[in-house]
Amino acid sequence: MATKTSPDKKKTGKAADTTNGEPQAFKVIGTRPIRHDGVDKVTGRAIYGADVQMAGLVHGRILRSPHAHARIKAIDMSAAEKMPGVVAVVTGKDMPDLRDKMADLGEGTVNLAHLGANCLAHGKVLYKGQAVAAVAATSPHIAEEALKKIKVEYEPLPAVTWVLDAMKDDAPLLHDNVFTSEMGKLGKQPSNIAVHLHFEKGDVEKGFAEADVTIEREYKTASVHQGYIEPHVSTALWNHDCHLTIWTSTQGAFTARQQTAELLQIAISQVTVVPCEIGGGFGGKISVYLEPVAAILSRKCGRPVKMIMNRNEVFEGTGPTPGSFVRVKLGAKKDGRLVAGEAWLAYDAGAFPGGMIGPGCMCVFSCYDLPNARVDGYDVVLNKPKTAAYRAPGATQAAFACESVIDELAEKLGIDPIELRLKNAAREGTRRVDGPTYPRVGLVETLEAARNSDHWRSKLTGKNRGRGIACGYWFNIGLKSSAAANVNPDGTVTLVEGSTDIGGTRTSVAMQLAETLGIAAEDVHPQVGDTDSVGYTDVTGGSRVTFATGLAAYEVGLDIRRQMAARAAMLWECKPEEVTFADGVFRRGDKSTSFKELAGKMHQTGGAVVGRATVDPEGPSHGFGAHIADVEVDPDTGKVTVLRYTALQDAGRAIHPSYVEGQMQGGSVQGIGWALNEEYFYDDSGRMRNASYLDYRMPTAFDLPMIDTIIVEVPNPAHPYGVRGVGETPIVAPPAALAAAIYRAAGVRLRELPMAPHRVWTAKKMTNDEC
Amino acid sequence: MKDIEYAAARSVDEAVGLLAARGDKARILAGGTDILVQLREGLRDADLIVDVKKIPELVGLSHDAKRGLRLGASTPCYRIYRDAKICAAYPALADAARIIGGWQIQSRASIGGNLCNSSPAADSIPALIAHDARCVIAGPSGRRTVPVAEFCTAPGRNVLARGELLVTLEFPPVGDGEGARYLRFIPRNEMDIAVVGAGVWVKLNAAKDTIAAARIGLAAVAPTPLPATEVGAWLAGKPATAATFAEAGDRARRLAKPISDMRSPAEYRLHIVGVLVTRALAGAVDRARGIVIGHSPNGQEH
Ligand SMILES: Cc1cc2nc3c(=O)[nH]c(=O)nc-3n(C[C@H](O)[C@H](O)[C@H](O)COP(=O)(O)OP(=O)(O)OC[C@H]3O[C@@H](n4cnc5c(N)ncnc54)[C@H](O)[C@@H]3O)c2cc1C
Chain A
1 MATKTSPDKK
11 KTGKAADTTN
21 GEPQAFKVIG
31 TRPIRHDGVD
41 KVTGRAIYGA
51 DVQMAGLVHG
61 RILRSPHAHA
71 RIKAIDMSAA
81 EKMPGVVAVV
91 TGKDMPDLRD
101 KMADLGEGTV
111 NLAHLGANCL
121 AHGKVLYKGQ
131 AVAAVAATSP
141 HIAEEALKKI
151 KVEYEPLPAV
161 TWVLDAMKDD
171 APLLHDNVFT
181 SEMGKLGKQP
191 SNIAVHLHFE
201 KGDVEKGFAE
211 ADVTIEREYK
221 TASVHQGYIE
231 PHVSTALWNH
241 DCHLTIWTST
251 QGAFTARQQT
261 AELLQIAISQ
271 VTVVPCEIGG
281 GFGGKISVYL
291 EPVAAILSRK
301 CGRPVKMIMN
311 RNEVFEGTGP
321 TPGSFVRVKL
331 GAKKDGRLVA
341 GEAWLAYDAG
351 AFPGGMIGPG
361 CMCVFSCYDL
371 PNARVDGYDV
381 VLNKPKTAAY
391 RAPGATQAAF
401 ACESVIDELA
411 EKLGIDPIEL
421 RLKNAAREGT
431 RRVDGPTYPR
441 VGLVETLEAA
451 RNSDHWRSKL
461 TGKNRGRGIA
471 CGYWFNIGLK
481 SSAAANVNPD
491 GTVTLVEGST
501 DIGGTRTSVA
511 MQLAETLGIA
521 AEDVHPQVGD
531 TDSVGYTDVT
541 GGSRVTFATG
551 LAAYEVGLDI
561 RRQMAARAAM
571 LWECKPEEVT
581 FADGVFRRGD
591 KSTSFKELAG
601 KMHQTGGAVV
611 GRATVDPEGP
621 SHGFGAHIAD
631 VEVDPDTGKV
641 TVLRYTALQD
651 AGRAIHPSYV
661 EGQMQGGSVQ
671 GIGWALNEEY
681 FYDDSGRMRN
691 ASYLDYRMPT
701 AFDLPMIDTI
711 IVEVPNPAHP
721 YGVRGVGETP
731 IVAPPAALAA
741 AIYRAAGVRL
751 RELPMAPHRV
761 WTAKKMTNDE
771 C
Chain B
1 MKDIEYAAAR
11 SVDEAVGLLA
21 ARGDKARILA
31 GGTDILVQLR
41 EGLRDADLIV
51 DVKKIPELVG
61 LSHDAKRGLR
71 LGASTPCYRI
81 YRDAKICAAY
91 PALADAARII
101 GGWQIQSRAS
111 IGGNLCNSSP
121 AADSIPALIA
131 HDARCVIAGP
141 SGRRTVPVAE
151 FCTAPGRNVL
161 ARGELLVTLE
171 FPPVGDGEGA
181 RYLRFIPRNE
191 MDIAVVGAGV
201 WVKLNAAKDT
211 IAAARIGLAA
221 VAPTPLPATE
231 VGAWLAGKPA
241 TAATFAEAGD
251 RARRLAKPIS
261 DMRSPAEYRL
271 HIVGVLVTRA
281 LAGAVDRARG
291 IVIGHSPNGQ
301 EH
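Top line first, the protein sequences correspond to chains A and B.
Counted from 1, the first sequence has number 523 at position 523 by the working numbering; the numbering is strictly sequential.
Counted from 1, the second sequence has number 177 at position 177 by the working numbering; the numbering is strictly sequential.
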């Protein structure tokens, strides 16, 4: 199979020969088999949410708020209800009263009233595009026309869409029941500041006093959307026996089930969620939007209800990532040793509390061994859609600030930016400002690989060109995964796992089972189960699936090996412990049988062999990356062209290198888009003006060079095959790498995203005017 | 979206009849790349769609060195830039046709539709102005001709009256020493609406060192596509040098009255007018001198 990336693709990791005693001469891991779901996806046969069809299906559409902030005074649905073809109309009043109800959804406690109001507003709308009412009708066109007949009386209120404005005392207040939570205490006055976080390590004042050089800068970033190609889509059937089945595009069938059950206040066993194939999520398809609405429409009309969002609804009604303001101050000795750091971060959470400020604070200094540091972070509500996770949520904004200051420090100290980073790189034993101490991690190896790369060593020539480098970090979580597998008499294995497959994980997980059983990847047939057919599995998020569900597959493999060894023992009339297994062959003394042969005798030795496992490994597995970017800046227009780009990352172990490279490339591209042109553009009344792919400028293929990748492998000691997880880290470094490159090309330091042509031009003009 | 009637007219008269009878409630469909999107998004309303692509007169190109070019209003863009003769004679038109949307769009989208949609940012209109194209319009009371420069009246509005449609665009014949160029600026390299567009046509003297005549059309800098007539007039008799191009850019900037929106701040648009007019002039003069200019998706020179 062709390799699709880097001309200098080499494995630079100094991988140990063994991890946890497992021999590391792999047969399957590290190869590039064709993905199991490839044919269906290439031929269009794979079933996505929009492909769901069934008898009696009706179509739901949502009426959304035209205002960024308003009180709902009255909703008159009578005209819509009377329209021929309309079978149900609902508003927030059709949802249970969720006031003061909290639920633990696996990744922290969630205020259900907020989650519910984000699906259908209660009393007030807090952003343009918030769902207000929904209609089900016999055709999508009738549903659409019926929306026009719903009369909503609004009392518009002043709106605020920039995080620092929302923090002001006189800012329009979004919630009268949100109080600032600070050091375990709640403020007395309602506030748009939901949370103030504070982390400290060492003696910051003393640290800065020792610094020879101190640089402090401020950075701003705009809200950007995950931009998954498939819009949200859900079909719900509230059956006459009161069982609710939902076919949906989600990153986590179990979390969708739990959220829906909690929001509708029904038993979790009353809901089955069937995850369809998913056309991207990047964190944006964890929270439910359509599922509970389709469910109550179905309950009302007794028919299956299908809902699909338009692209503008996706932009205006689902979670972007926070807009942010970040101030970073770093102090260093003349030799480049960092002595102190301070960061102040304000992230918008969107309309409801609970944004990405936590990881932002934890990631801001995560690449460096800082003896003294202080971080303050604020979670702020304002009149924009509730933010959702987006690939390394919160880390990119923080890294843009910190990595840019590092680049300025390198310049001021006259030290090569890679050397400065190597000197201070986080490594085993480094304690982060928020507490944890790193185990064995691969930042140093990644930076060394960058220094040795063809890209870094090649000379960049030509006018208006520059090269930049930046690092990025993401935790990569563990959490719960389950899997089960049946051995077939022909020696193949059918695997059912609970992780919806977004980035090829079905194959990466199957490969780990194949490796464990000593069979070919093609002989494992993986499928993603629904919530009734597989054990509890957390979301496909946090770069956890290849790590955690892969671990489950490994344990399934061990379980099958144990059971098969017992079958061999039965045939050989010995004790199971006397049977050994290596390279797909069971042995005892001079007797041996392959996995396949033994599978053929399964029915003579006791029937089916079913392996199963459920795991809850300790995360994080710590992903570090470094990106190198070459750009050219048009001196007249300020437009940035990315000439060459290399992403390097410690993958721990690349199970299927193509998918690791794909993640590195995809993350880089999203980071490049975020850096250069993407933004939610708001007018003065708080309305987004560019809710389409025409004006929300994600990069197209014409805007990008080939993204070269270099996989570094420093195996994760906490995984049998060394996997670390790779999906999120690659979005973190691009903005800072590009800002550094733009500086070298055009002589201006951009501190606001996106670094759109007009911003580069304005910055150049201002420096020229000053001269 | 509500139910809409569809009729495919076979002749100009039939189309005029349908349009005149239904007035505001009828909409013409050419490639549909604007109108279908607008109907679906509720930006326009119609009870009847009149498809004009089946009218022979509206589809096709006929080129004659003496009479010039007649371009059927509904001819899809790709037919323009796939025709080497048209590319040589009307290169600014080809530049524009090549960058309207991507391949799929160019297989449907027409220059007539681009013009009749009358967006201030439409890519073909500055090129049509530069090439001095004229609109042949048919209506209930017969045919009339209007210069493209006078066609658009406001964003999304034009001189077409009830029952009228655009039949062809007529381009004057091209003589020796002529060249033209259309450039647009977008932050991405395709699938983006012009921040500014500039179409330029020049005619050089026999020695090809002096501009004998020039025409400039601008996009996205005013409520309608803007003919920069004064700048064209000023250029006549000026040496074809970088200094002249730059000064023309400055002068064009003074005519522009852009707004700020999600696509660009006004101040930046003003600046880009200068850059693009300067570059497009240089390109047009190169072409007038017989130099072939390559093209990348964003219409920038290689
Ligand atoms: C993805 C995408 C990308 C695009 N990119 C660009 C771009 O880069 N640059 C650009 O300028 N535009 C762009 N457009 C807009 C559009 O494609 C162009 O304006 C195109 O030229 C319209 O032509 P059409 O034949 O499809 O027009 P239609 O949509 O069929 O018609 C457009 C309008 O003109 C009217 N009309 C059409 N023909 C006639 C006629 N003969 N007489 C009277 N009225 C008529 C219609 O009623 C309608 O109001 C893009 C559109 C899309 C969807």
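Source of the hints: derived by calculation from the structure; they are not laboratory data.
Every residue gets a Cβ at the ideal spot worked out from N, C-alpha and C, and that includes glycine.
Incorrect hints may have been included.
To be verified - To give an idea of the chain B side of the interface with chain A (calculated C-beta under 8 Å), a few residues:
#: 1; residue: Glu190
#: 2; residue: Asp261
#: 3; residue: Ile272
What the hints assert, rightly or not - Among chain B residues calculated to face chain A with C-beta under 8 Å, some are:
#: 4; residue: Gly156
#: 5; residue: Asn158
#: 6; residue: Met191
What the hints assert, rightly or not - EDC-like mimics (lysine to aspartate or glutamate), calculated; alpha carbons at most 20 Å apart, straight line:
#: 7; chain 1: A; residue 1: Lys148; chain 2: B; residue 2: Glu267
#: 8; chain 1: B; residue 1: Lys2; chain 2: B; residue 2: Glu57
#: 9; chain 1: A; residue 1: Lys764; chain 2: B; residue 2: Glu41
#: 10; chain 1: A; residue 1: Lys149; chain 2: A; residue 2: Asp104
Each hint tested on the structure:
no.	hint	verdict
1	Glu190	5 Å, holds
2	Asp261	7 Å, holds
3	Ile272	6 Å, holds
4	Gly156	16 Å, violated
5	Asn158	22 Å, violated
6	Met191	6 Å, holds
7	A/Lys148 - B/Glu267	39 Å, violated
8	B/Lys2 - B/Glu57	31 Å, violated
9	A/Lys764 - B/Glu41	39 Å, violated
10	A/Lys149 - A/Asp104	38 Å, violated
When the structure is compared with the earlier hints, violations turn up for hints 4, 5, 7, 8, 9 and 10 and for no others.
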